[in-house]
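K.L.:
Each chain, written out:
Protein chains: 2
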Amino acid sequence: VSRVLVTGASGFIGRHAVTALAERGFEVHVAGRGSVPGVPLAATHRVDLLAPDAADAVIRAVAPSHLVHLAWYDQPGAVWTSTENVRWVEASLALVRAFAAAGGRRLVMAGTCAEYDWAHGFCSEGVTPLAPATLYGRSKHALHTVVAGLADECGLSLAWARVFFVYGPHEHPSRLVAGLVRSLLGGEPARLSEGSQLRDFLHVEDVGEAFAALADCDVKGPVNVGSGAPTSVRAIAELAGELTARPELLHFGAIPMRPGDPPLVLADRRRLATEVGFTPRFTLRAGLEDTIAWWGEAT
Amino acid sequence: VSRVLVTGASGFIGRHAVTALAERGFEVHVAGRGSVPGVPLAATHRVDLLAPDAADAVIRAVAPSHLVHLAWYDQPGAVWTSTENVRWVEASLALVRAFAAAGGRRLVMAGTCAEYDWAHGFCSEGVTPLAPATLYGRSKHALHTVVAGLADECGLSLAWARVFFVYGPHEHPSRLVAGLVRSLLGGEPARLSEGSQLRDFLHVEDVGEAFAALADCDVKGPVNVGSGAPTSVRAIAELAGELTARPELLHFGAIPMRPGDPPLVLADRRRLATEVGFTPRFTLRAGLEDTIAWWGEAT
Numbered sequence: 001v002s003r004v005l006v007t008g009a010s011g012f013i014g015r016h017a018v019t020a021l022a023e024r025g026f027e028v029h030v031a032g033r034g035s036v037p038g039v040p041l042a043a044t045h046r047v048d049l050l051a052p053d054a055a056d057a058v059i060r061a062v063a064p065s066h067l068v069h070l071a072w073y074d075q076p077g078a079v080w081t082s083t084e085n086v087r088w089v090e091a092s093l094a095l096v097r098a099f100a101a102a103g104g105r106r107l108v109m110a111g112t113c114a115e116y117d118w119a120h121g122f123c124s125e126g127v128t129p130l131a132p133a134t135l136y137g138r139s140k141h142a143l144h145t146v147v148a149g150l151a152d153e154c155g156l157s158l159a160w161a162r163v164f165f166v167y168g169p170h171e172h173p174s175r176l177v178a179g180l181v182r183s184l185l186g187g188e189p190a191r192l193s194e195g196s197q198l199r200d201f202l203h204v205e206d207v208g209e210a211f212a213a214l215a216d217c218d219v220k221g222p223v224n225v226g227s228g229a230p231t232s233v234r235a236i237a238e239l240a241g242e243l244t245a246r247p248e249l250l251h252f253g254a255i256p257m258r259p260g261d262p263p264l265v266l267a268d269r270r271r272l273a274t275e276v277g278f279t280p281r282f283t284l285r286a287g288l289e290d291t292i293a294w295w296g297e298a299t
Numbered sequence: 300v301s302r303v304l305v306t307g308a309s310g311f312i313g314r315h316a317v318t319a320l321a322e323r324g325f326e327v328h329v330a331g332r333g334s335v336p337g338v339p340l341a342a343t344h345r346v347d348l349l350a351p352d353a354a355d356a357v358i359r360a361v362a363p364s365h366l367v368h369l370a371w372y373d374q375p376g377a378v379w380t381s382t383e384n385v386r387w388v389e390a391s392l393a394l395v396r397a398f399a400a401a402g403g404r405r406l407v408m409a410g411t412c413a414e415y416d417w418a419h420g421f422c423s424e425g426v427t428p429l430a431p432a433t434l435y436g437r438s439k440h441a442l443h444t445v446v447a448g449l450a451d452e453c454g455l456s457l458a459w460a461r462v463f464f465v466y467g468p469h470e471h472p473s474r475l476v477a478g479l480v481r482s483l484l485g486g487e488p489a490r491l492s493e494g495s496q497l498r499d500f501l502h503v504e505d506v507g508e509a510f511a512a513l514a515d516c517d518v519k520g521p522v523n524v525g526s527g528a529p530t531s532v533r534a535i536a537e538l539a540g541e542l543t544a545r546p547e548l549l550h551f552g553a554i555p556m557r558p559g560d561p562p563l564v565l566a567d568r569r570r571l572a573t574e575v576g577f578t579p580r581f582t583l584r585a586g587l588e589d590t591i592a593w594w595g596e597a598t
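Chains L and W, in that order, give the protein sequences.
Residues 1 to 299 (my numbering) are what the first sequence spells out, left to right.
Residues 300 to 598 (my numbering) are what the second sequence spells out, left to right.
No lab work stands behind these hints: they were computed from the structure.
Be aware that a few hints might be false.
[Claimed, not checked] Coverage of chain L stretches by chain W, computed from C-beta distances (three or more under 8 Å per stretch; other residues unrestricted):
{"hint": "1", "segment": "138–147"}
{"hint": "2", "segment": "150–158"}
[Said to hold, decoys possible] Chain L is nowhere near these chain W residues, computed Cβ spacing over 12 Å in every case:
{"hint": "3", "residue": "Arg404"}
{"hint": "4", "residue": "Arg481"}
{"hint": "5", "residue": "Ala528"}
[As the list claims (entries may be wrong)] If we take Cβ atoms under 10 Å as the criterion, some of the chain W residues that face chain L in the derived model are:
{"hint": "6", "residue": "Gln374"}
{"hint": "7", "residue": "Pro375"}
{"hint": "8", "residue": "Gly376"}
{"hint": "9", "residue": "Val378"}
{"hint": "10", "residue": "Thr380"}
{"hint": "11", "residue": "Ser381"}
{"hint": "12", "residue": "Thr382"}
{"hint": "13", "residue": "Arg386"}
{"hint": "14", "residue": "Glu389"}
{"hint": "15", "residue": "Arg396"}
{"hint": "16", "residue": "Gly402"}
{"hint": "17", "residue": "Thr427"}
Note that beta-carbon positions come from the ideal geometry of N, C-alpha and C, so glycine has one too.
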């Protein structure tokens, strides 16, 4: 049995990663400020990873062979520019140093599609230039730069998951899909942009499962975690309108397109599909149905 | 009077940066583990910047408007691969966060020519791709990535000095020029490679002065700190042989060229010369004479 430590386990993606890791036979330890209800865990370690020496202590206590590091500052909107990103770079480096020093073997970390230069649209690992435009993207990109070098020096096996657009239960209500579904279910008008921008959406349960699959293999380097399917904001909104039977609430063009918003952000999914061998379980329709059902019960 | 805090002030470059800053009228505070003899300082703050909260404390105590951050892990050879580089990324980020939070205005940090992809040889800021091949180069590059984003968000004025090949008094004896001069002065054979590789050498006093000039202006972004003059290892060795009158001690070809050692690493000096307005004081000959005189007294 391999022992994995998961950070950010109570978060949007983390709760699904934990479940998927347990299903794959990992002995799952979690570290963080929150708790994870309903998952068979070996142990929960209450710790603030931003506190000095917190990482050292939890790594010594658990002695994990695998580390899945998902914890990060997580305020939608603010995350793009907050200086909290810098604190999480520091805390993440301290965590990985402690893991390497304690003889850890396999490391999976959460990067972001915002590391890529979005002017290119199609994002392919090792091909598309990296030119993050935000402090969040810069911080993740810089973290990868250092950790990849550290992994080389220490003989750590590192996978760096570049996560694209995630939706599903427990999504923050200020984000696109959650906000849209809540409006439709509440019978309120959904004010949207023209909606032509193409994005790559993946259901959060599939994203969590992808992290477990990454922990459970030896594929190294950056790996996109996306569906590989381009979906316009208009298309996902129309599908939500259809599934809630409230298409008349959709108001396209009610807000302007964000200046500089790229026409396409799409994952090359070949590494995830072929090398990791991962296939998403949810179609966009099934994923939205699941999301709508969850919000229906939650509200 | 502007108040500058200098880290790494007792180091190879730092001692000259401190002198040059004082000459320009700065109120100079230094933070570090060592002391700086013979320089008129406002205050020395004894602090281990790797200790938690050390940065916060010293920034609060000094409240500097300017920060020149030179401190780093500094063991020649080991610096390329040591995990200490990662600790210095963490400590540097904590320092800059504290500086920004305390209302700091102008920040000058030490980067390295090892951030560039050396396959290109000629290193021009904003043109030559960055592809550091070592943990040291990755760490500096990543630090710049985050700090540049932080500076944008906080309205900090940031200059990132990419330092090329530095020589002069107090250089670590295991490094090229110091080792060469010591061999020649000691009457011992100097075992060298074939020596065709072209590098960009600048006397350490000029490097220190360049940091002071960067602190004393508002030029933003990466700025190469180099001479702009390509000098082969053979040429610098032959000049040292001539100046010590011991050319017969030079044994070119006694050791192999390092595999992958690039034929050229040269700074584009236009930003430093034109935008910062900096001109080196030492020619290579004068710089070597100064270095030989210093080692003659030191040994």
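K.L.:
Does each hint fit the structure? Answer for all of them.
P.N.:
Verification of the supplied hints:
no.	hint	in the structure
1	138–147	holds (count 7)
2	150–158	holds (count 4)
3	Arg404	16 Å, holds
4	Arg481	30 Å, holds
5	Ala528	31 Å, holds
6	Gln374	15 Å, violated
7	Pro375	17 Å, violated
8	Gly376	14 Å, violated
9	Val378	12 Å, violated
10	Thr380	5 Å, holds
11	Ser381	8 Å, holds
12	Thr382	6 Å, holds
13	Arg386	7 Å, holds
14	Glu389	5 Å, holds
15	Arg396	6 Å, holds
16	Gly402	14 Å, violated
17	Thr427	14 Å, violated
In this structure, the hints that do not hold are numbers 6, 7, 8, 9, 16, 17, in rising order.
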